[in-house]
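Protein chains in written order, with the UniProt record's numbering: chain S, 1 to 315; chain V, 1 to 516; chain H, 1 to 292; chain P, 1 to 561.
Everything labelled a hint here was simulated from the structure, so no lab data went into it.
It should be emphasised that the depicted structure is a prediction, and the values quoted were computed from it without experimental measurement.
Here a beta-carbon is modelled for each residue, glycine too, at the ideal position from N, C-alpha and C.
Fair warning: there could be bad hints in the mix.
Claimed, not checked - Simulated pairs of lysine to aspartate or glutamate, DMTMM-like, Cα-Cα distance not exceeding 25 Å: (1) LYS118/H <-> ASP373/P; (2) LYS470/V <-> ASP447/V; (3) LYS235/H <-> ASP307/V; (4) LYS306/P <-> ASP181/H; (5) LYS235/H <-> GLU390/V; (6) LYS179/H <-> GLU494/P; (7) LYS522/P <-> GLU184/H; (8) LYS516/V <-> ASP495/V; (9) LYS469/V <-> ASP447/V; (10) LYS179/H <-> ASP229/P; (11) LYS179/H <-> ASP96/P; (12) LYS321/V <-> GLU184/H; (13) LYS179/H <-> GLU205/S; (14) LYS346/V <-> ASP57/H; (15) LYS125/P <-> GLU222/S; (16) LYS381/P <-> GLU184/H; (17) LYS522/P <-> ASP181/H; (18) LYS118/H <-> ASP361/P; (19) LYS470/V <-> ASP433/V; (20) LYS181/V <-> GLU215/V.
Stated by the list, open to error - Calculated from the model, a selection of chain S residues having no Cβ within reach of chain P, i.e. all distances over 10 Å: (21) LEU107; (22) SER126; (23) PRO221; (24) THR240.
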Amino acid sequence: MLVYSLKRIGLGILVLILAISSLYMLIQAAPGDPASAMLGPRATPALKAAITEKLGLDQPMPVQVFNYLISVLQGDLGTDLKSKQPVLNTLKIHLPRTLELLGASVLVAALIGIPLGSIAAVRRNSLFDRAIGLLSVSVIAVPAVIIAIFGMLIFAAGLGWVPAIGAGEDEGLLSLLHHLILPAIAVGIGWVGYIARLVRASMIEVLSANYVRNARAFGLPERRIIYRYALRIAVAPTITVIGIGVGVMMGSAVFVEIVFARPGIGKLMYEAVLLRNYPVSLGAVLAASGVLIVATTISDILNALIDPRFMESGE
Amino acid sequence: MFHSKIGKLSKSYQRAARTVAVASCVWATGLVGASAETLRIAVPSDPGYLDPAYWGSTVDQFLIDNLYPRLAKYAPGDEWTIELDAAKSVDLSDPQHIKFELKPGIMWTGGYGELTAEDVEFSLERHLDPDLESGVVTEFELLEDVEVTGTYTGIIHLSEPSTTFWTSTLVYTSGAIISKKAAEEAGGYFEATPVATTGPYKLGTFEPGNKLVLELNPDWTGEPVDFDQIVLLPIGDENAAELAFAAGEIDYTRSSAGNYDTLVANPPEGAVVKLAQTIDPLFLGISQTNEKLSDIKVRRAIQLALDIPTVIQATTSGYGKQATGFVAEGLVGHRDGEALTRDLDKARDLLAEAGAEGLTVRLDYVNNTERDTAAQIMQANLAEAGITLELNGQDEGTFWSLDEIRAADLQLHLKAWTGNPDGYYTMQYFVEDQIGYWNWEGYASDDYVALLHEARITVDDTARGEIYKKMQAMLEDSGSFVFVSQEPTVILHRDTLEPGILPDGRPVFHAFRKVK
Amino acid sequence: MSVTETNPPAERGAFLDGFLRLMSDPMGAIGVVLVTLLVLSAVFAGVLSPYDPAAIDVPSKLQAPSWEHWLGTDQLGRDVLSRALYGGQIALSVALISTALAVGFGVILGMIAGFGPKWLDNPIVLAFDTVRAYPVIILALAVGPIFGAGLNTVIGILVVTSVPYYGRIVRTSVIAASKADYVEALMAMGMSRARILARHILPNIIGPILILASMDIPVFIAAEAGLSFLGVGVKPPQSSWGLILDDGYKFIRQTYWLVIAGSVPLITATLGFTFLGEALRDTFDPKLRRGV
Amino acid sequence: MAEEPLLEVHELAVRYGSLPAVNWASFSLERNRVLGIVGESGSGKSTLIWALTRLLPDVATITSGSVYFEGQDLLRLPPDQLRRLRGTRISYISQDPMSALTPALPIGQQMMDVLYREPWSQKEKWSRCIDALDWVSLPDPAARMKMYPYELSGGQRQRVSIAMALMLEPDLVIADEPTTALDATLEVEILDLLRRLQHETESAVIFVTHHLGVVSSLCDDVLVMNHGDIVEAGPVPEVFANPAHDYTRMLLRCDPARIEQPTRRLPSMADDLAKPVKIVSGPKDRVKADQAPVLDVANLCVNFTKPDMLPKWLGGRPQLIRAVRDVSLSVRKGETLALVGESGSGKTTIARSVLGLVGADSGSVTVTGRTVDRGNSQVLKSVRACTSMMFQDPVGSLSPRVTIGEQILEPLIVQGRRDLDRRETLNRLLTNVGLPVSFASRYPHQLSGGQARRVGVARALALDPELIIADEPTAGLDVSVQGEVLNLLNEIQERTGVSILIITHNMSVVRHCADRVVVLLKGEVVETGPCARIFDAPQHDYTRALIAASQHELPEFSETE
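Chain S on its own, in the form it takes in the complex:
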């Protein structure tokens, strides 16, 4: 178990390094050099050269990549070309917002999705079951952008139930949550459907499994069978999906953060790329990928905990 976890984490780190390196090279390929982006129109060749040198952009690519990785290790993500502040600080402002959003979304998705799914599975083919089936598919189909914009249009701009924009970070927990409701739903709603369906499917499968029949044969109470034997196995795929899903959710988060003007990695990313503020965009992707990798790693390890066979099949 420990070995597996270590291995899994090692892999995660390796992937992160690869991801960052390839991205660094990609960004460097952008038209117009960061030096002039940094200096803006004022860039005289002399000044440019100075900056280029300062940023080590004149070095061969492998060296650059290596240096960047090293400095990342030291927690130095470079300097925001626009605001002249350390990128790390900028990330410190934005990452928590995004994590809040993702966390809340996953929560929404899981708290609604898993019960719906299990009930649908237990009441298989009932009207409820069919309704849930149709509903989940529909919500999966609707892109987060649209949900966000309409949510904005109706609940914020229209009814004014919830704040239109921002994260309310300066006004304590309540306002934070208040600002979180709409975005979290916009990101999470599709996943409610996903998870409901997934749990239903695997639940049905598990409930027909031999060992469940055996548990019944030993006269165990249904509730114990469902929670202790069935659900436990049935949620395993859900965890994996959420792990991977974090990536997709982050995509939705970009739109949601834009539409609701929430500070966050997505929004930060968007601005940075737009201004070719490459240390920031790098930092942002680093953060995003980091989150994603951590998520998948955790989900794998969790899976291994829930169902040890996963260790063999899992990779």
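Assemble chains V, H and P onto chain S, guided by the hints.
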């Protein structure tokens, strides 16, 4: 001049991306329910450089104008009028030697003592120091030296008599005075963190991308202000700013004139909606240095093929007026009623003559709502004349950064600069050695240079105005310039306050008043 | 004794029968109808659209729906209905091309990793994981500007980011299949690995993959719209639902019709294809249920 | 037998959707008796027993009948009362030990769960579980308690589920083919264990199996089922001595284990009951001992390395598994050699190395004079041209999405023999293995186990090979079908003089087809010799155990614990 462009740059920057824009509202939210003493203003972006030698964006300009003293400043109001600031008196009788006397008792923040003539000397002469690489050095070409005749008195000596130095430099942003002591302590070079300032407000907390807070300056002895805190919230896009305003997140913002009608028809609660004419020229540059466009016939054809009134109609709902040149209406040197008119047939003929049928050119512009709208219309216009226009909406950084490669590759570029009441300010940049820097059109003419020189030393406004008209005509006839408009802008503020703004809507912080 | 359905044989004529089974599932029926509508409207956009989608008419900008303009007009006075119809063309072609390419490369790489030379397996899987480490949209943002906005960029990004997804599934199923007795039997006959892959393994794994792919089409459609919305997608004068949505969002204080005009077709498309995909899967491969 | 029976079943009928699975079954069972239920696959025996306590899948419906357990009708008992009986009074041992236990919980936990109703303290429950595991003689029970099912071997798992079923000493234990998934010798052990426990607990047992042998050795009474009907019932000795029903008679007659004398033509369900089983020993000159052996395996060693979780450079210790250790054997022309051993004995590995599917670490494999060398594709090709292998799982070894016809011809195409008339060859091959020509267009999943096996044979014959390697040709087939397959192989051999290497764990099969036997244990040859000699005078204990197992003679069980 580039700073102006940069100024404009950041103006466009403000529209850069809806995201940047809306995104910026964020801090706004942060401040919902903040004390009534707080004034929340939407600005296009974060400040970059707060050193008068390097200022770039509109926000840099706001802050430098508001934080640093100058001998005199343009006053808030509907007219462009100059009022004394740090100076008790200025003697302009001799346009080559400007005498001034400072008000005593203006204290620098951070305990850097009193504002003296030495500070003025230092502040102006440092631009001439090559090591400083001042971004605005061109504006100081005429400056010989500043002679300090007493603690508060001094004389500014120019190599030639000039009125433009006063109107477009000393009282304008670049004329800002900083504390010699403080600057020298900072090694003469400081970027985003201003050394000592004066005035009712001083810089408070700064969270990039989130907010910048100005707080009361305890050392301020001048007349009191109504707001004890000013929060600048970076919102790039007017539509976003509008949204933030409607959501009650900000108290003052500019917005797109295109939205004026809807704003009037359905104004956000407790909003006052005004329309302001800026003096910021929006124009289309056509690079004659590019071989596709080297033939003047082709350039003229493009000029004639464009339907500028429609562009203005679309982007400003008709509140904009087609520009006749760089100088805005009502200012010295404005050309009346000589705007380009569309003539498709002539355009086609010219193309035929030049044998340039089926021409394909690229239009660079900053990718934002208004520019995009304009660009798409131009695309349609030129299509009718048989010219294919590739739209190349770029992000702020890419558009304004001009490395050698791109300089060589410039074709058509739609851009706006921040204007100055004196047209000289803008036009001084279309000279040969600015090619590859700010003269993207690649325009070069000795006659023009001659006129430029003449204008600089012409003291009489009407006479100077005539020269400006000639210059603008030359620029237009070169086929490299299509003057679109002096962009109008919508001003949006709470009815609980009376904004203090320059005629073009740029805020003068200390002049904001609460409505009693 | 739990009863599990097995895949039907890929016999000729099973097609019609399958179609009927599909239509008998309400979800499938809805899906088929919606998708057919979409495809038709996209194919005949030229005929159906009342105006030239690029025709500018500034005086009548930002109009609400009317008899002249069923879906109103945008900030340039262009007819939104026409733009929506042509937007459909873009959306569908992007989705279909991307899916095809993604599945193609995914299958090839996956099979190489799963059944090809051992030493190739780890590198490929690692590459997959690396790409999967980027959140799609965020990667699109980072990469979009580098290659310049436009259809090709969109397709490129979608393909690159979804190849690993198919690749991994293919790889696992190939590995699973290659452990099956029948493959062993074929190897015992000395059949070449290539032939085994092509003739025996591929037919067994491709069905599920294709069904999964069909379920990805809506995702791609949404992605195209999203990227265009963010400005790293389709460029004007071309039309895209995402662009309409974007205009709608920008002018949301002026009119909400644009937002609606942008989202209705988008939702119809995604719903249609999702329903279809779901139904396909349930009809032809219930075992896929547990996979995602 | 004054007292009323423990279990009384009346007119029990079950159907899956519309098709009937059990038709009006009635029987009763006294305390402390062991009832065997025999029948071939699909006879409805499992359905019947799971129906007793209403544990059938949703698709199945009980259409009529009653099941009286100590006077109360289980079919009509409220669910919670029924649950009170389950586990304490009535418990099950199910077929597949792998799927019978939750993968997610340590076995200790799962056993504790069974005791959830008992008044004991957690500590006491825990120690009782350990005792129970000890009781079913699972080594080191305390440690096992914390293990997950996947960490145990099949036999150990089955012991665990037996412990779970019996630890509360229920009145009725229902066992659904508890040993089918296990090796023969293991099967014997488990049966032995069951019998011992039955004596100790004096529980009544219902034992479902398809093996007549098991019944005869373990049960007091027997039910014979066919297509959902109970065709015969009664005390074991009577039923086996003179079966009343034809079906029973046929079953008994077809079971190779019950035919003492070797014969190359086993009876099948088809042939006439009136005729006695005829003993055929095949042509005298079948085996050509003088000629060089078709297959010659000399001092073969094959090792596998099981990689550790950690890669080597991180200190991971991959362990070496010596699958085949210095094995030598040869198959002469026209001869059938039986390679006997249980799962993990390495017999399949040997077969695979013959075809170059695995490489030999030392020793050599020679086929018709050519020495197999994985590097040399030429040799491999020619070896494979004259050697065919039939794989264990008849259906699984056929490619699911390709028609039977194409698959049968596949070997020819691989060998580049496209010239010949495909249709003609195909028909010939199909008829040779007794399949209608129309089967050519079918797909594997449309075949029964026996038919699929025949297809396998046909494919093996496509190249008219000199050597056929048959891996467990009878595994998973009903006894009647087993006979048919063996007959087919024998006929073919007599017709074509092909040599056969048959791999099996089932001695009763060996007896009727093999000329010589090689017994393999943990990768080593423990005994080898002519078939008759092996059966008459087995030298090695293991061989004896195997033979015993095939006849299901349980070692005499002693009262003393």
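Earlier hints that do not hold, by number: Structure breaks hints 6, 10, 12, 23.
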